[in-house]
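*Asks:* Here are the chains, one letter per residue:
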Amino acid sequence: MDKKANPAVTREQQLDLYRFMFLNRTVEDTMTNLFRQNKIVGGLYSSLGQEAISVGTTYALEKRDWIAPMIRNIGGLLVKGVRPRDIFTQHMARYTSPTLGKDGTSHFGDLKNLHIVSPISMLGDLIPVMTGVAMAGRYLGQKIVALTWIGDGGTSTGAFHEGVNLAAQQRAALVLVIENNGWAYSTPVGRQVPIENLADRAKAYGCRAFIEDGNDVEAMFTTAREAVRLCRAGEGPVIIEAKTMRMRGHAQHDPAEYVPKEMIESWKRRDPIAMYEKRLAAAGVLTDQKKAEILEGIHAVVQEDLAFAENSPFPPPELAESAIYCEGALLVEPQWERPVAEVTPPRSSVKAEWHKTEFDEFQADAIEGAGAVPSSGRAPSATIPRASGDGAQHELVGASRPGGTVPLRGKTTGDGTKPAGRTPSKRPAKSAPPVRGRK
Amino acid sequence: MALVTLLEGIRQALFEEMERDPAVVCMGEDIGVYGGAFKVTAGLLERFGWERVIDTPISETAIIGAACGMSYLGLRPVCELQFVDFIACCFNQLTNFVAKSYYLWGAPVPMVVRAPSGGGVHGGPFHSQNPEMYFAHTPGLKIVYPSTAYDAKGLMKSAIRDNNPVLFFEHKFLYRRIKDEIPGGDYTVPLGKAAVRREGRDVSIVTYAAMAHTSMEAAAELAKEGIEAEVLDLRTLAPLDKEAILASVKKTNRLLVVHEDTRFGGIAGEIAAVVFEQAFDDLDAPVRRVTALDTPVPYSPPLEERFLPQVKDMVTAARELAHY
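Quick note, the sequences are listed as chains A and B, same order.
Residues in the first sequence are numbered consecutively from 1, following the numbering used here.
Residues in the second sequence are numbered consecutively from 1, following the numbering used here.
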């Protein structure tokens with residue numbers, strides 16, 4: 001991605017990004033203390049060193065957009081408008097928590113106001129769910145974008161594959177951020193997958209991808225902003241791989257002795273908050289006075305919310321038996337932002353047949369190429385149908401011929417990210433940019 | 001009043017609900033242009049278009065997940081699984097995501113998963129199963145399994161209008177074999193209510209789906225011997241209509257539970273437990289079960305016949321109960 005193409009990040013946005021990262025870390029530091037005091041009921045996961053990803057990507061969204069956090073995305077919750085007290089009470093299993101104590105960690109959501117979908121512990125499942133959110137948003141005419149995250153480990157699940165494939169087939173307005181923090185619990189990414197860049201898989205799905213420095217909050221923000229723009233323009237889904245490092249164990253119980261010390265030390269020098277602070281200070285954006293102001297504001301809200309959480313009761317036992325079924329009305333009735341007449345007869349009526357615009361022909365050079373090189377050099381087809389709402393979904397050229405019309409030939413480059421052979425004629429392949437600040 | 005099949009009853013319900021409510025959309029494999037493997041969705045695409053009748057990739061997890069996400073914005077998706085056997089492919093999405101959503105964080109999931117189920121058509125071990133109890137065991141899901149065309153239509157309408165995830169089992173043996181007079185116009189059949197198919201005083205046969213018909217045959221046989229069986233069709237397995245079961249047992253004092261599902265962990269065990277706990281004094285005989293064997297569904301006709309509960313098994317069990 002060409003950085004110069006992005007409009008500058010304003011001073012106000014820079015301070016916001018800084019503030020949210022600092023808030024994210026303060027909230028988590030506070031919970032680490034609570035954990036040591038035995039006040040966290042279950043496990044505690046840390047996003048130390050990954051704050052730039054949650055904060056930067058969520059900051060690219062509008063209020064109407066939807067997110068689904070994973071356990072290391074507390075920063076995303078804070079940017080979306082969740083108060084620290086909700087995060088504290090969740091972890092402390094209190095009655096005042098968003099789930100009333102029925103679940104912990106970041107397992108909570110808010111359908112109606114903040115548009116947050118709660119995660120579950122099984123990895124990958126949010127991808128099809130958020131694809132559905134995006135599909136429903138388009139159907140209702142809402143022009144929303146759905147954003148969710150997945151770790152490097154989660155990309156190996158079946159749900160990841162089914163979800164990304166459906167999103168790509170539907171051209172869903174989904175931004176999927178892969179947080180490649182190097183470790184799936186104790187297993188390094190190189191032992192999970194035989195490829196260097198998880199974003200390379202986007203080519204096989206026929207969607208766009210960016211690779212970005214996950215410790216650079218402005219890079220995360222501007223890349224996510226571009227991804228959101230593409231999604232809103234009907235060019236989704238977009239995958240962003242954020243290269244980062246998990247600076248703690250899988251959870252508090254895990255000392256992560258399997259991580260080489262030098263690796264931690266080297267990544268400590270790339271702490272996203274310290275780096276950004278330095279940058280903003282050098283640019284004169286973050287003065288000592290401004291910093292003191294921000295920290296004071298964060299301290300005040302965190303202390304207030306901590307007191308609230310500590311003074312909150314546990315739920316009454318009988319709550320365990322409540323609300324198996326929804327007996328009342330829906331929280332969210334469909335918000336139509338397009339004429340309903342467009343999706344009801346007679347206007348909705350169509351001829352039920354596939355319209356194939358061209359016939360599949362045997363392509364000898366495709367076979368020849370496939371035998372010679374890995375298929376990762378394949379670029380997305382220019383003929384994949386656009387949004388199902390535009391009536392073109394039935395032009396199944398892309399689906400009937402995976403990979404589209406471009407025959408694969410030639411060799412890939414050493415990093416496997418760029419096709420060296422022919423490129424599609426209609427839409428250029430989005431090749432991954434090098435990771436900034438490394439190598 | 002028109003005579004329609006169970007399949008047609010479901011199709012009518014989908015049509016009428018999509019007509020009534022633009023929030024209703026259908027998705028699944030081959031449901032659009034092709035009209036579904038059993039043609040239950042035939043004609044929907046022509047009328048409601050590509051946005052509301054969505055042909056998906058072969059991705060059961062993605063279908064259920066996407067439907068769940070759609071329901072969060074107030075839509076009412078109806079998913080088709082081509083055969084209910086493939087529900088195993090989306091087990092996690094259903095039991096961990098969909099079923100727990102409302103209990104844990106208050107997010108209702110108004111969606112329907114409909115799927116052809118059951119044996120007797122020599123479909124073999126992967127196209128004949130009755131996996132309802134995996135899901136009856138999961139709090140948060142509703143499970144519907146109709147036996148008549150009238151019920152199928154009315155229950156499907158209730159399922160679509162319900163604010164909870166509903167698994168709707170469609171017995172494929174009954175699809176085109178069962179016909180009912182169905183009134184014109186809108187009607188619903190409530191979820192969670194059993195129906196007495198035949199009144200009797202001597203023994204209660206509690207059952208559902210295709211076995212409701214087999215049980216009626218058994219009841220006719222028993223009547224020739226002077227044994228009057230009451231046949232109770234559950235229609236919904238979750239929530240279970242315990243009141244109707246207990247009322248019938250109080251009347252007949254003898255209980256036979258019949259299902260096409262396998263025996264171990266089948267709903268007969270749960271029903272027997274409910275009756276032992278709440279109506280033990282009303283029983284004049286031990287509760288009996290007639291069920292499928294505890295094996296996979298075998299393919300060859302003589303094997304499948306041995307696997308499935310037969311009329312003679314029910315007659316024998318009911319007779320023994322009556323003379324206990």
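Please keep in mind that the hints were generated in silico from the structure rather than gathered at the bench.
Since the structure is predicted, the reported quantities are computational estimates derived from the model, not experimental observations.
All C-beta atoms in this analysis are idealised placements derived from N, C-alpha and C, irrespective of residue type, glycine included.
Some hints could be false.
Taking lysine-lysine and the DSSO-like style, the derived pairs with C-alpha atoms no more than 30 angstroms apart in a straight line are [what the hints assert, rightly or not]: (1) A/K351 x A/K278; (2) A/K268 x A/K351; (3) A/K351 x B/K157; (4) A/K102 x B/K39; (5) B/K193 x B/K250; (6) A/K112 x B/K157; (7) B/K39 x A/K351.
Where chain B lies over chain A, by a calculated footprint (3+ residues, C-beta under 8 angstroms) [to be verified]: (8) 35-45; (9) 113-124; (10) 127-138; (11) 306-313.
*Asks:* Compare the structure with the hints numbered earlier in the document and write down the numbers of the violated ones, lowest to highest.
*Replies:* Going through the list in order, the structure violates hints 1, 2, 4, 8 and 11 and respects the others.
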